Amino acid sequence: MSHEPSAHAAHAPEWEVSVWPFVISFGILFALPVAFAFKFVYGLSFAAILALGIGTPMIVAGIAGWVKEGLGSHHGAGLAFPAMGWFILAEAMIFLSMFAAYWFNRLTAEAWPPAGSVELPRIMPLVMTVVLVASSLTIHHAEALLHAGKRAGFVNWLVLTMLLGAVFLGMSAYEWNHLIHQDFTTDTNVFGTVFYSITGLHGSHVIVGLGIFIALLLPALRGKVNTPFVKTASLYWHFVDIIWFFVVSQVYYW
Amino acid sequence: MRKHLLAACAAAAATASRAAEAIRDPAAGWDRLWHEVIIDISILGVAFALITAWFVLRYRRRNPNEVGRAEKLTAAAAVGWTVIPMFVFMADDFFLAANGWQLWNAYRQPPAERIEIKLESGMYSWDYTYPNGVKAQNVLKVPAGKPVLLRMTSRDTIHSHFIPDFRVKEDSMPGRVTFMWFYPQKPGEHIVTCAEYCGIMHSYMVGKVVVVPEAEFAAWYAQEEKKLADGGRQTKKAGA
Amino acid sequence: MNTWKEWIFTTDHKRVGVLYLIGSLAAFGVAGIMALLMRWELTSIGPTLTENPSTYNVWLYAHGAVMILGFQIPALTGFFANYCIPLMIGAKDVAFPRLNAFSVWLFYVGIVLAVLTFFIPDPPDIMWTAYPPYSTITSGNTAFYTFTVLILGFASILGGVNFLTTVAYMRAPGMSWNKLNIFVWCTVAAFVLQLIFVPVLGTAVTLISFDKYLGTSFFDPARGGDVLIYQNLFWFYSHPAVYVIFLPFIGVVYEIVATFARNRVFNYKMVVYGGIFGIVGLSGVVWVHHLYVTGMADWIRIGQMVTTLLISVPVGFTVIGLVGTLYKGAISFETPMLYALGVIFLFLIGGLTGIPLAITSLTLHLSDTYYVVGHFHYVMAVAGTFAIFGGVYYWFPKITGRMYSETMGKLGFWITFAGTNVVFWIMMDIGVKGMPRRYFDYAHFPQFENAHQWMTGGAALIGVGFALAVINWIVGAARGAKAADNPWGSQSLEWTTQTPPPPGNWKDVPTIREEWDPYAYAQR
Ligand code: HEA
Ligand code: HEA
Ligand code: CUA
Ligand SMILES: [Cu+2]
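Read top to bottom, the protein sequences are chains S, F and H.
Heads up, the first sequence is in the working numbering, so the first residue is 1 and it goes up one at a time.
Heads up, the second sequence is in the working numbering, so the first residue is 1 and it goes up one at a time.
Heads up, the third sequence is in the working numbering, so the first residue is 1 and it goes up one at a time.
Please keep in mind that the hints were generated in silico from the structure rather than gathered at the bench.
Incorrect hints may have been included.
To be verified - Computed cross-link-like contacts, BS3-like style, restricted to lysine-lysine with a CA-CA straight-line distance of at most 27 Å:
# : chain 1 : residue 1 : chain 2 : residue 2
1 : S       : LYS68     : H       : LYS5
2 : F       : LYS72     : H       : LYS5
3 : F       : LYS146    : F       : LYS118
4 : H       : LYS179    : H       : LYS269
5 : F       : LYS72     : H       : LYS482
Unchecked claim - A few chain H positions that, by computed beta-carbon distances, are all more than 10 Å from chain S:
#  : residue
6  : VAL30
7  : SER176
8  : TYR213
9  : ASP220
10 : LEU282
11 : GLU334
12 : PRO446
13 : GLY463
14 : GLU514
15 : TRP516
16 : ASP517
Predicted, not measured: the structure shown is a model, and the values here were computed from it.
Yeah, the Cβ is synthetic: ideal placement off N, Cα and C, and Gly gets one too.
Next comes chain S alone, as it looks inside the complex (with noise of 0.2 Å):
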């Protein structure tokens, strides 16, 4: 151990600290499997609406804490990119899973569809996939203005691809309140399970990357853009907007 005093050392390195991941995990410990389990498990739906109220804020709280650190540091700010790479792989996996359950059931079964499916709307989708493939154009678009300097474009066209993402979410919502209404829900039989499960996940993806939207578009209002985290947060929407067309192929129009 040599402890000889070097120019450098004027400032000894210092731990870093960070409050937020901590933060966050309790907040998901409290809104996730305590009120998960208050509601459904026990039937105690005002303990889990506690629970929601307390791990929440702790969520909102941690990623905006967390986002405001991110934006001042650039630490591993390049490697963003090929991270999220490897996340979609993970990603890409769930989806796989859902879709080999259902080939599962689909392919053993002895007759499709099974008993009490509904006839499925065929435009609605036509339409969904027809907004999203237009939500990845206008985020790509979005990115090409930022990287020729043209910050206030980029933040109306980030804004327009957000509106894409909700009119999508609400075709959604609109299709499945008529197919509930239709008496078509998720304990019908294996084919509703597997179309409110694969749907939904999907949904929930598109909920992220809203939420991802979010967390940049709010900073850049600011006059802060942080350049590889968009570039980041525009690969993943196009994952989202590759799997719907597998949704669309295997759910819909099979």
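Here the structure of chain S is known, so what remains is to put chains F and H with the ligands in place on it, guided by the hints.
Leaving out everything else, chains F and H with the ligands in the frame of chain S:
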């Protein structure tokens, strides 16, 4: 299809005793293969262990500054040390696989002249139904010298019908039909136990296979059938 | 900031690593106590410690789930990966330090959930495999199992993303792929497996809770579902998971063996490109060997018998590399090396006893008996835990800056070594004779009572040995002698920084010379 034809021809041609000889009893095959595999893996294990032990004794550090002297492998040596073990291991693997597959065929191709019994498992009992409709719970009476095939399903959770003495088990589960067969040759009793975790009383889900001489079985079987018929008549009467 | 805050909120990879270690050892303690309770229960036929079979089943559930998900995977891919990888590749930290801190706290949330098992009125009793339909009809709280898996799995995926990025982009100048420590390779491979397969497990367990609490019908045959989907998804993850455990632990053993034999790793490229890559390549196509008795189609059972047997080739490469590293070495026998040598012998037993299980027709008798339990305890519970304990001893001076007691370390080793062989050898023996697993009571197998009593005795011995090691660490960390920077005379990069390493790891990020190699002893 062709297999069925062949089996039919073979059955027609052979006398009863010759056919019995031709039945490959998986339990005996199991014991044979098990010993073969144990010898195989023991040789491998002991060889590796001895080499390791020898190196450990031979290359102890004698003074504190000594370092290892292994040279870098030449390219040829590196490839050789990869390819040769690979082929040795693969050869052994394929040998084991071939033997395993052969025994597998014995397990999965039940002989044609068999008695076929339905099994429904439930928390926590084994419910058997004989071809003539006679039912039995937890005690399966079968004749000596005749292969027994079980067609199995379950009404609740997954169970596994395990007969250690016959070296066989297979799961029974809701929504699917599975089968297993075994070949009881001598009179005697054999434990049946549940080998798939199925609930709180899993470890108490026990039954037995009772093998009796063929004549005794036939008498019992006819008697039960008659009882069943009488019982049916009686309930009908009671209902009327 | 005071010190405890610097620990709790730390984003430094070394401290995150130590948090992982503390959490996973606590989990080991809890799950080990469950094991002792189970062993106690099994000392006699009929109820012994508890009247209620359900209590035993909860212990067994907690034992299996916590040992695998709460102890070994976090200790190997959490603690060792965190502590060693940045140091071994010459980085200042991981790519995303905050994400790293997030992983460790998610891990703690998972542990909290798992421990809640003992405080809720309806603890899960579904075994770590959680097969439906039982897991969807039990009165136990399946949701807690689902969320434990989801949260630990999410932590693992984030860890994987983080470390794969770190190794790919943050190696010190000159650190080429062929100069990486074997441990780094092993861990990279393990993380690739985690990224690909954990999501499948996550999906599987989520679907059980959907079925149980939200009324879906994935696994309900009455409404068109199929019970075997779950088993396929579960094992599609959980077989690769055994290599997520195996790879890092054998990596740790490589580091120890190379250092204490002061020798070059034998045939490095065979180990990496044949062994490690081969295991990753084959691990995804052998899962059906856990479903040999479930009535899957014959062709797939036979096909996967062949692939399962072929896994012995890459695994064999890693064993050859390990044994070869001893050849012409200069071996000394401090505690870490004893554990490492123990692993070689015990893993041989464990791995080779997997071979009969791989053969479909033999498994028709062996499946779900204590033979299987013996197999995986040898290979995972014993070889794996020995590697973890040896690794902790090995890096102990670096982590704490102090030395442990060598005498106590060796004593602990020999006690556990004796104990494990008693327990797990007997298990294999009674398994072949027909003793089924997951039995609260073995009233109809009275012939095994004696064997069970021996095993309980052996288990107590194991407990004493492990407890000695843990005590040794606690005492050593508090008041051991000061350790040198490189007490073992290792060549590997992590020993070249000061002890314990400062924030940021290095004063100047090391530059790797052309001729340097983590195992280049003979050139010195
Ligand atoms: C770290 C964990 C780990 C590891 C590495 C392994 C490694 C192996 N396992 Fe094991 N296994 C488990 C953990 C592990 N297992 C667990 C936890 C279970 C039970 C889960 C449960 O049901 O709860 C299980 C169950 C299990 C089963 C299912 C049994 C059943 O339920 O019916 C099978 C069947 O094939 C199997 C086989 C194998 C094989 C072939 C290997 C191979 O990878 C071993 C390869 C190693 C060697 C072969 C030795 C070294 C090689 C040589 C010396 C070269 C020469 C050798 C030959 C040519 C043969 N294991
Ligand atoms: C890594 C995994 C791991 C490890 C290490 C162990 C360790 C042990 N296991 Fe475990 N076991 C499993 C994984 C493991 N097991 C799994 C996956 C199953 C299957 C579950 C299922 O069927 O679903 C199983 C099942 C299983 C059974 C089968 C029960 C049955 O089928 O009915 C038995 C029976 O004896 C058993 C015994 C033991 C024993 C005696 C130990 C001993 O080695 C344990 C010794 C350790 C201690 C006694 C703790 C030591 C104390 C300290 C270290 C000090 C405390 C420290 C702090 C508080 C910080 N185990
Ligand atoms: Cu029936 Cu276990
Ligand atoms: Cu496996």
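Here is how each hint holds up against the structure:
1. S/LYS68 x H/LYS5: Within the cut-off at roughly 20 Å; holds.
2. F/LYS72 x H/LYS5: Violated, at about 49 Å.
3. F/LYS146 x F/LYS118: Judged against 27 Å, a Cα distance of about 16 Å means the pair holds.
4. H/LYS179 x H/LYS269: holds (10 Å)
5. F/LYS72 x H/LYS482: Between F/LYS72 and H/LYS482 the Cα gap is close to 36 Å, so the pair fails against 27 Å, i.e. violated.
6. VAL30: holds (18 Å)
7. SER176: holds (19 Å)
8. TYR213: Violated, since 4 Å does not exceed 10 Å.
9. ASP220: Violated, because the least Cβ-Cβ distance between H/ASP220 and chain S comes to about 8 Å, which does not exceed 10 Å.
10. LEU282: holds (18 Å)
11. GLU334: holds (21 Å)
12. PRO446: H/PRO446 is indeed farther than 10 Å from all Cβ atoms of chain S, at 40 Å.
13. GLY463: holds (31 Å)
14. GLU514: Holds: least Cβ distance 25 Å, greater than 10 Å.
15. TRP516: The claim stands: H/TRP516 keeps its Cβ more than 10 Å from every Cβ of chain S (closest is about 20 Å).
16. ASP517: holds (25 Å)
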